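Trainee: Protein chains in written order, with our numbering: chain A, 123 to 867; chain B, 18 to 354.
Among the clues, some could well be false.
[Claimed, not checked] The list that follows gives simulated cross-link-like pairs (lysine-lysine, DSS-like), each with its CA atoms no further than 27 angstroms apart:
hint: 1; chain 1: B; residue 1: 330; chain 2: A; residue 2: 865
hint: 2; chain 1: B; residue 1: 56; chain 2: A; residue 2: 147
hint: 3; chain 1: B; residue 1: 132; chain 2: A; residue 2: 250
hint: 4; chain 1: A; residue 1: 182; chain 2: B; residue 2: 56
hint: 5; chain 1: A; residue 1: 854; chain 2: B; residue 2: 330
hint: 6; chain 1: A; residue 1: 250; chain 2: B; residue 2: 56
Worth flagging that the hints you see were computed from the coordinates, not collected in a lab.
No experiment lies behind these values; they were computed from the predicted model shown.
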Amino acid sequence: MSIKPLIGQPISRLEGHLKVTGAAKYAGEYNVSDLLYGYVVNSTITKGKIISMNTDEVKKIPGIVEIFTHENRPSLAWFDMQYSDMDAPPGSPFRPLHKPDIKYNGQPIALIVAETFELARYAASILKAEYQTEAFKTDLEANLGEGRKPQPGLATMLKPPPPKDKGDIDLALSAAAFTSKGTFTHGTEHHNPLELFATTTVYEGKGKVTIYDKTQGTVNCQLYVGNVFGLHFKDVRVISPYVGGGFGSGLRPQYQLFLSVMVALELKRNVRVTLDRSQMFTFGHRPPTIQKTKFGSDINGKITALYHEATAETSLYEDYTETVVNWAPMIYPSPNSKMEYNLVPLDVFTPIDMRAPGGSTGLHAIESTIDDLAHQAKIDPIQFRLLNYAERDESVNRPFSSKELKQCFIQGAEKFGWDKRNPEPRSMRNGNKLVGYGMATGAWESMILPARAEAILTTEGKLIVKSAVTDIGTGTLTVMSQIAADELGLPLDQVTFEYGDSKMPFAPIQGGSFTVSTVGSAIKAAGKALRKKLLKIAQHIPHSAFKGLEIEDVVFQDGYIRLKLDPSKEIAFTALIHANKGKVIRTKNFNVPNLLKLKKHSRAAHSAAFVEVEVDEELGVINVTRAVTAVAAGKIINPKTARSQILGGMVWSISKALREETISDHNFGKYMNQNLGEYHIPVHADIHDLDVIFVEENDEIVNELGSKGIGEIGLVGMPPAIANAIFHATGKRINEFPIHFDKLL
Amino acid sequence: MNDFNFYKSQGISDAVEKIADQPDAKFIAGGTNLIDLLKYNLMTVSTLVDVNSIKEDTLSETDGAVLLNAFATNANTAYHPIIEERYPLLSKAILAGASAQIRNMASNGGNLLQKTRCYYYYDANTPCNKREPGSGCSAINGYNRNLAILGTSDHCIAVFPSDMCVALAALNATVCVTGPDGDRKIPFSEFHRLPGNTPHIDNNLLTAELITGIELPSKGFEKNYSYLKLRDRNSYAFALISVATAMELENNQITEIRIALGGVAAKPWRVQKAEDFLVGKTPTKENFALAAELIVEGAKGFEFNAFKIELAKRAIIRNCLMALNPASQLPGAQPSA
Ligand SMILES: Cc1cc2nc3c(=O)[nH]c(=O)nc-3n(C[C@H](O)[C@H](O)[C@H](O)COP(=O)(O)OP(=O)(O)OC[C@H]3O[C@@H](n4cnc5c(N)ncnc54)[C@H](O)[C@@H]3O)c2cc1C
Ligand code: SF4
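Build the full structure now, drawing on both the sequences and the hints.
Mentor: Below you can see the structure in the form of structure tokens.
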């Protein structure tokens, strides 16, 4: 009997039923006994100092247990470094309630602890602070001149600085037959996952806590809490099996975690702190970024010059960076190139990665500039990209581990019907609407980090695999179960994946599209080690048919080890348990990627996005009526969850290009649309026909699974494809996101 | 939100009495606006007098005129067969507003009394003359994309954000109210107020007056009507510009026309001069364009909303053309092909 591998099957999410029926519990929903509720009070000024607060008055309200401020918070870890975390950029991390100083509007200044949530929230409305205010700066555009190079730090490992200059950019630009210049403006964006940020801390006795947290990294939070509060790591357990969306906002421990644990330890009680929707706007965000491009090509459309510069916001206390300007020389070979990336520190909270950080910003500028060059050279946008196709990554002078971008162009164009495009802008119509076709390339680096995993054969012959990794809604539980099941040749229902718990084997934070590569590889390695161990046990059984055989000589099928050449020779997993004196059989593995091998190649997922827009000629109203994204991302472990990832990225592309923006008032230094009524993300009526293609791509370098990660790639190419389609429809290039319809009047 | 009393009223007079003898008491219908205001601590109440139990039928008909129940939901009103058949303009306008969930809760009376969506009004930590008279207007030199271009004052440039009311204005509705001193009727055009130097007063309803009904004259313009809403996404966003057109034609000549603009002022905006100009004219793009100029006469744009002046004109023209063929309206009153 042979079992069809589960890898590659479109399996529905294993936890889907729990989620749609409401049975899945989120961090703010664990009903522990004797719970206290914390509600955060936020600063109403942008910069200055707290002079006084009416805490005494508010404390008199019956039911208020305590109010924590910078004045009475317990003394905590002394060194900045101890407040750091796996995703901390260079600088000194934000410390809640540390000092009376106000660094940004909305900074938490007090936590009210009460017997009920409603009471805590009411008290928060009465708590008032007197401030001494100082002048502040929050406007990136007004302070562009203050851009400077970012400080290098650990983060530089995953976010390399811009590549070195090549050739002579000025000369090349002045000699170019066609040149295109653009200034691209992106505003602030906030992640706004549906699940609010919350932490429920269970006080387990002296120095010991169990924490239910909304996070993208259980171990990251465990280490942070251990360091900040001086607890033994083994006494800190962080649990987070269901995460109602993260998009990057949970990559770093957020302040409600700190506050909840602080109160639990101080009052020796169980405590929950839930942030509300407007408080979602009081920490990390995608930074506003202003980019300038100047690209040039020769008369035949061959690119000769690439200049790309970006200036982004960061806070005054940390240098958050993104990989914005490194992409153009990777995608388009050019003898002359210059890339610059600068930061302007402002009075805001430190930005944090938000889905496709850097890539979705930079590719917009690059792909719209390329589109303009192609237009000038009168070459079809796909032809132009093929003419300038990078067979190697010239920016670092390495081959690609695999790159099926050409197939993305071909299959995407075919499915979309690109051949029906009339190249002339404003030439296609549907009634009183102008129709535009646009396309763009997307790219996202394939990363892998070290991780541990454990595999256990239970006494019933079933498989349990374990990792501390979370599942931020991407389908991690399902995909890891598939990988594990295949490794042991078991059906899915014989496999349990235990995850979302810092007690489990180490996994890094879940982001950057590296979870399947990182944790999947660790699970595969643990499964492989378990197979070897099982074979060894089988060989020790008297009269074993497996004596002297190698792992390659046997197959693992449906709960048996069988001889490849003679499948009638078999031994049941349960017999192996028996041989192991009735005890479970376990292996633990630490999977460390072979950096030397990896470094010899550039590794990236690619995509081609195709978009049709209709623009009302007189009213400017824009609709994305159709879109196709073709993705080359190595092996697709689960086409169903993968498709959902890309669809989500495509919806977000519509959001990014046309809808989403955090509105700032720089007179007050604050965000003004802190709710989902006014923070516009797309509604159903904005989403029409979306299609996804996965192009076949074999990659033996990236990892043993051959998978590249698909979390971000859906959101990289499509925003510029929308902008390019709008240009094709209207003849207008709008380089400021989101593109509001009134800009087309 | 502070603690408050909650009283389920037994009828119109009971509700009015309850409010009249309590300071800081408020009626609550669907609560879709009021509860937000309480939660954001923009308002405190001593008692909420629930008027939902006064609900009877969605509407009643007498002598061809229709009386909308003030306590009926927006959804029930929009989908009522009489409204769909005789006042499709009203139905379209209601359905262009908010979301299905909100329309299921929101009442007709509450819709007339919803607060502006000016961001500063909702942020107690910024000056706002409407919320706190005399504190200043943050929006004039701040973010004002969604604010007014007509009828503004130096004190306030807020927009009254309702869709339903734009249609009611075009239909010449009358607001029926009951107060401690008895019943009275307010023509729709006199219901809402421009800010002047009292921006904190949104309308001419007096303290303790309860809206009990909205009268629609018998003429529903079911043949030639259109509602167009332009906004930052296709649903669940307030209007940047909206237009309600109700028209009557005879032999390709306009015999009567009403054009009301939303999203531009503290009240639905109608200009008699423009409507008079069109009467007796043929319904052409050129004529509508001339009327549009008259409607936006005197408009003043601010940093982020100056586009509304041009957009309003184009929207008026388009909407009047759509009214010639109401079937051209797509669901949600998107601009049509
Ligand atoms: C997110 C969101 C989006 C929205 N989008 C739109 C939109 O696009 N277009 C649109 O038109 N509207 C929109 N709305 C507004 C919605 O239509 C109004 O909130 C609703 O109509 C108010 O009715 P209600 O019954 O819920 O009023 P409530 O919230 O109950 O009351 C509002 C006010 O009216 C008073 N009141 C209520 N009934 C009476 C009465 N009979 N007599 C006297 N006073 C009374 C209350 O005391 C209160 O002051 C939106 C609302 C939300 C929350
Ligand atoms: S426009 Fe009116 S509502 Fe807005 S801030 Fe000014 S005064 Fe307040």
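Trainee: All hints are to be evaluated individually against the structure, with a verdict given for each.
Mentor: Now for the hints, and whether the structure bears them out:
With a CA separation close to 16 angstroms, the supplied pair residue 330 of chain B and residue 865 of chain A stays within the 27 angstroms bound. The hinted pair formed by residue 56 of chain B and residue 147 of chain A meets the criterion: a straight-line CA distance of about 26 angstroms does not exceed 27 angstroms. Distance hint between residue 132 of chain B and residue 250 of chain A is fulfilled; the C-alpha atoms sit about 26 angstroms from each other, no more than 27 angstroms. For the suggested pair residue 182 of chain A and residue 56 of chain B, the alpha carbons sit about 22 angstroms apart, so the restraint of at most 27 angstroms is met.
With a C-alpha separation of about 22 angstroms, the suggested pair residue 854 of chain A and residue 330 of chain B falls inside the 27 angstroms cut-off, and the hint holds. Among the hinted pairs, residue 250 of chain A with residue 56 of chain B is consistent with the structure: their alpha-carbon atoms are about 17 angstroms apart, no more than 27 angstroms.
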